[in-house]
Every structure is written in structure tokens, then in C-alpha cells.
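Residue numbers (my numbering), protein chains in the order written: chain P, 95 to 362; chain U, 1333 to 1589.
By construction, these hints were calculated from the structure, which means they are not laboratory data.
A few of these clues could be false.
[Said to hold, decoys possible] Simulated DEER-style distance windows between Cβ atoms:
{"id": "1", "chain 1": "U", "residue 1": "Glu1549", "chain 2": "P", "residue 2": "Ala143", "range": "46 to 56 angstroms"}
{"id": "2", "chain 1": "P", "residue 1": "Ala340", "chain 2": "U", "residue 2": "Leu1368", "range": "52 to 62 angstroms"}
{"id": "3", "chain 1": "P", "residue 1": "Ser239", "chain 2": "U", "residue 2": "Leu1354", "range": "22 to 32 angstroms"}
{"id": "4", "chain 1": "P", "residue 1": "Gly260", "chain 2": "U", "residue 2": "Pro1430", "range": "22 to 32 angstroms"}
{"id": "5", "chain 1": "P", "residue 1": "Ser239", "chain 2": "U", "residue 2": "Ala1390", "range": "53 to 63 angstroms"}
{"id": "6", "chain 1": "P", "residue 1": "Leu301", "chain 2": "U", "residue 2": "Asn1369", "range": "42 to 52 angstroms"}
Quick caveat, the model's predicted, so the values are computed rather than measured.
Think of the CB as a built atom: it goes at the ideal place given N, C-alpha and C, for glycine as much as any other residue.
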Amino acid sequence: MPVAGSADAVETVRAPSGDDQIAISAVRLGKRFQIGTKTDARFFRQMLAWCSGITNTRPLWAVRGIDLQICRGECVGVIGRNGSGKTTLLRMLAGLLVPTEGRLRTYGRISTFFNIGSGLFSELRVIDNIRLTAALCGMSRAALSRRFDAIVAFGELEDYLYSRLGELSMGFTSRVPLATALHSDIDILLTDEVFAVGDTPFQAKCLAKMNELLKQGTTTIMASHSMALIKNNCSRAICLEHGAAAAQGPVAEVVQYYEHQCGNAPVE
Amino acid sequence: MIDNFAVYANQLRELTRCEWKLREQSTLLGFLWTLLNPLLMFLVLYMLFTRWMGGFMANYPGYLLIGVVQFSLFTTATTTGMGSLSNRRGIMMNFIMPRELLVLTTVCSVAISHVIELVLMLGFLIALGAAPRLSWLAFPLIDAVQLLFVTGLALGLSVLAVRFIDFQRIWSIITTVGFFLTPVFYSTAAIGADRQKFLRYNPMAHIITLARECLLEGRFPAWRHLAGLTAFAILVAGVGYAVFKNQERRLSDYVLS
Chain P
95 MPVAGSADAV ETVRAPSGDD QIAISAVRLG KRFQIGTKTD ARFFRQMLAW CSGITNTRPL
155 WAVRGIDLQI CRGECVGVIG RNGSGKTTLL RMLAGLLVPT EGRLRTYGRI STFFNIGSGL
215 FSELRVIDNI RLTAALCGMS RAALSRRFDA IVAFGELEDY LYSRLGELSM GFTSRVPLAT
275 ALHSDIDILL TDEVFAVGDT PFQAKCLAKM NELLKQGTTT IMASHSMALI KNNCSRAICL
335 EHGAAAAQGP VAEVVQYYEH QCGNAPVE
Chain U
1333 MIDNFAVYAN QLRELTRCEW KLREQSTLLG FLWTLLNPLL MFLVLYMLFT RWMGGFMANY
1393 PGYLLIGVVQ FSLFTTATTT GMGSLSNRRG IMMNFIMPRE LLVLTTVCSV AISHVIELVL
1453 MLGFLIALGA APRLSWLAFP LIDAVQLLFV TGLALGLSVL AVRFIDFQRI WSIITTVGFF
1513 LTPVFYSTAA IGADRQKFLR YNPMAHIITL ARECLLEGRF PAWRHLAGLT AFAILVAGVG
1573 YAVFKNQERR LSDYVLS
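Extracted from the complex, chain P is given alone in its bound form (with noise of 0.2 angstroms):
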């Protein structure tokens, strides 16, 4: 079972602006977890735990000692193996997580694109389904109205709106809360292997609807296992190795060093 750090150590800041070009601010952030088995969840064990000191988890640093700025407007990469962080550093930065350690700042407003799919309900329409993302994604009732048409038409979803979401094949379903967060006001967007959904005509459509965002100025972070994606739209990179950084620059470098790095290993 994850811990929290200590209050001393920890600094996060979120603000709605900033007076820089600083978009991200992170110094030494580090998360560590106790991992170990489910039963000590348990309210009865957790108190034979707590009574006798004797428990048979161990802590995880998942993410350790990781300096990052990113500055307004700016694409960055974040890269590495399974279990290297990503997921994890990513949902520090938006606020998901809080770290054990370090100094954490970060301006404007943060949309995840995690597995936004996931906290829907598969019962209910695909109508309900679009007006619950847009709420979750801080969109207006009004905006709704305004854009509904067109996150509709970016989904494909025209003939679909009254079925349920379960219905749909998973392909459809990851439409529903993609098409709706790809319409909704951001700032800073935080990107987790979400564009890997859908078939290719549709991933083309949301990577030029990202590409849009990016021209407007929004500071994107994007985690992915696809070099080619990273290379296209980052111009910087971060190699995450045990949870630390293992490389960092300009992404041409650090997608080497990571190629580099899994040439000696299977590529996942």
C-alpha cells in the first residue's frame, strides 16, 4: 500500500497563471509505494500490523529524484520501459498522485488523457456518457451545447448517440470520452498512451486535432511506446529507467538512447 511522504518535504503548487513562460516546474519529485499483498488491506490485519510493527510490504520508489521545466507551448516526450514511471510521473505532474518528496509547481489549467474511458458507464447512452466527460473535463453546460455537434461529428457518433455505451465495440467506446476531452478548454495536457485506441483514420484525426492544440500554444507531455509519435510532435524527450531519469534533451537524442537501451532487450 502506497504511502504519502512527509509534509516537510513536499511543495505542490497549482496556480491559474503564472508570471513566466513556466508551465511545469518539478524538483527532485520522487513517489514511493509500500507494495506487497492485498491482504494487508484488510481492517484486522492492518491492526495486528499497526500493533505488532511487523508487516510484509516493502516501499517502491516508482519515481525518484526528477527535474523537469517545461515552459509554455512546449511538446515534451516522456519515454521507458513498463514499470518505468511514466504513468506514474504524469499523474504527479497532474495532480493525480502526491509525491513523497520534492517540489512540484505547475500553472494553468491540467487535462488528463489517461484512461479516460474507464470511469464511464457502460449502461447508460452514449448522449449521457459525452455530457458526463465534458462535465468531468470542466466543460460548461453552454460549451457543451456549442460543441456538441462538432465532438458528434469528430467521433463519428452520429448513429450511435441513443445506444449503449456497452454496445459499442471497444474501438467505438474509446471514441466517446476521446472526442468529447479533445474539445474541452486546455492548458497543459497530459497524454498516457491514449491515442493507441481507435483505428487509424481516427488516430490520424486526433493527432491533427493535437497538432491544432499544440499550434494554439497548450504545453502537451506525452507518454507513449511509439517512437515515431514522440519523434513527430516532441521537441523534447525524457527517458524514465527504475524511475529515474536516464536521459533527458532533445528528443532525437533521447530516442536513440532509448532504442539504444532496448536493443539489448525485447522491445515491448
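Chain U: place on chain P using the hints.
Relative to the frame of chain P, chain U by itself:
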């Protein structure tokens, strides 16, 4: 600040709508299924106790119905509220929003069902011969106090439920025991005077008693009694909210474990 409030209000409204639809499945039959639990409870208890107590108490069906409906609100709101964080972990781990909205959403959806139950209950009371009285106007106040009380409990319990995975089962046992320790199907007069003092420490006993006074006996609640209960509900809501906010930073960690 105002912008944020509008965003959160919209999130609460949409989540509540979805939770409500999910509970009721948007069909008349679906809603009847939700009613079935308190209705069956009422019928079983009525059949069991009507011969024993019906002779001693005027309007026992109404007396029983109020107890069952109000206690059902307590059980359903706290049980579903406490499971809301783990049930909605997909939303919690992927969208940036105040976590308490997830708990408030489930309590709100239960409250909507409760309001419909109340309308049916009042219709039933009238059908039994109870004429609407002026004191009925005070009932929404008592109901609001109960909602405040269960919301505070749900907030605190939701933290315990994600911290300890078996706490939902523990709470299920507590509510079952609580049902028998609350005068839902029996009169306070039916138990000995020396044991009645224990009921003083049961907030649900106070709420149900006040509701019965108001709806069946046509008496406005004793304002000191209601004020005391309101202060207690505010205290529970305050403590529940404080516990929730205190643990909010760790909730994602607990959900991930």
C-alpha cells in the same frame, strides 16, 4: 473561484444524473425494484408485528412505514456513499476534480430516490386516513437534518472503506445491529424505561421519533430537540468533511493499493 464552483456544480449534477439513471435504469420497473426493498421490509414487519402491536398502537402501519423509509435512507446513503470512491476509481484516477463530489453524488442520487419514496409514503398515509396537517411542513427540516447527518457519515466512512477493504462488511453488520437498536418496528414505550436511556444516544431514534410526531401525531417538533439534533448533524458533517479533506491527498494511494 466562481468559475470553479460552476464547474464543480456541473460535475455534481452530471454524476448524480448518471448515478441515478444507473440505479433506476430509466424505467418505471427499475424504480419499482428500488422500492421493493423498503416495501418488502415493511410488509414482512407488518405481517409479523401487526397482531402483536396493532392492538396497542393506533396507526401501526403508518408508524412502521415512517421508520422503515427513514432507516432505509440511512442505510442506503451510508452504504453506497462509503463505496463510492472504490466504485468510481476510474473517474478518481483519471479526472481532476474534488474527490468529495464522488461521495456527494451517491448521497444525492439516494436522496432523489428517497424523495420519491416520501411522496408515495405520504400518499399511503393519506390513504390510511391521516389527513395532511400543518405540522407536515416541518418534515422537510427533519429530513434535511438526516441528510446532513448521513452525508457526514458517508464522507468519513468512504475514507475508511478505501483504507480498509473489509470495512464495508463491518458497516453492513453495524447497520443490521443498528436496525434492531432503533425503534423502527417497535415503540419506545415497549421497552423498559431503564433501557430507553440507551436510545438517547442513537441519532436515528431521535430522527424517526421526530418524523412520527410530525407526520402521525400532527405535532410540530420540539424546537429544542430539533436544534440539538441539527447541531449534532452539523458536527458529524463537519468531522466527516474534515477527515475526508485530511486524507484526501492519500486517497489515490489507497485506491491504487
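| field | Hints the structure fails to honour | value | none
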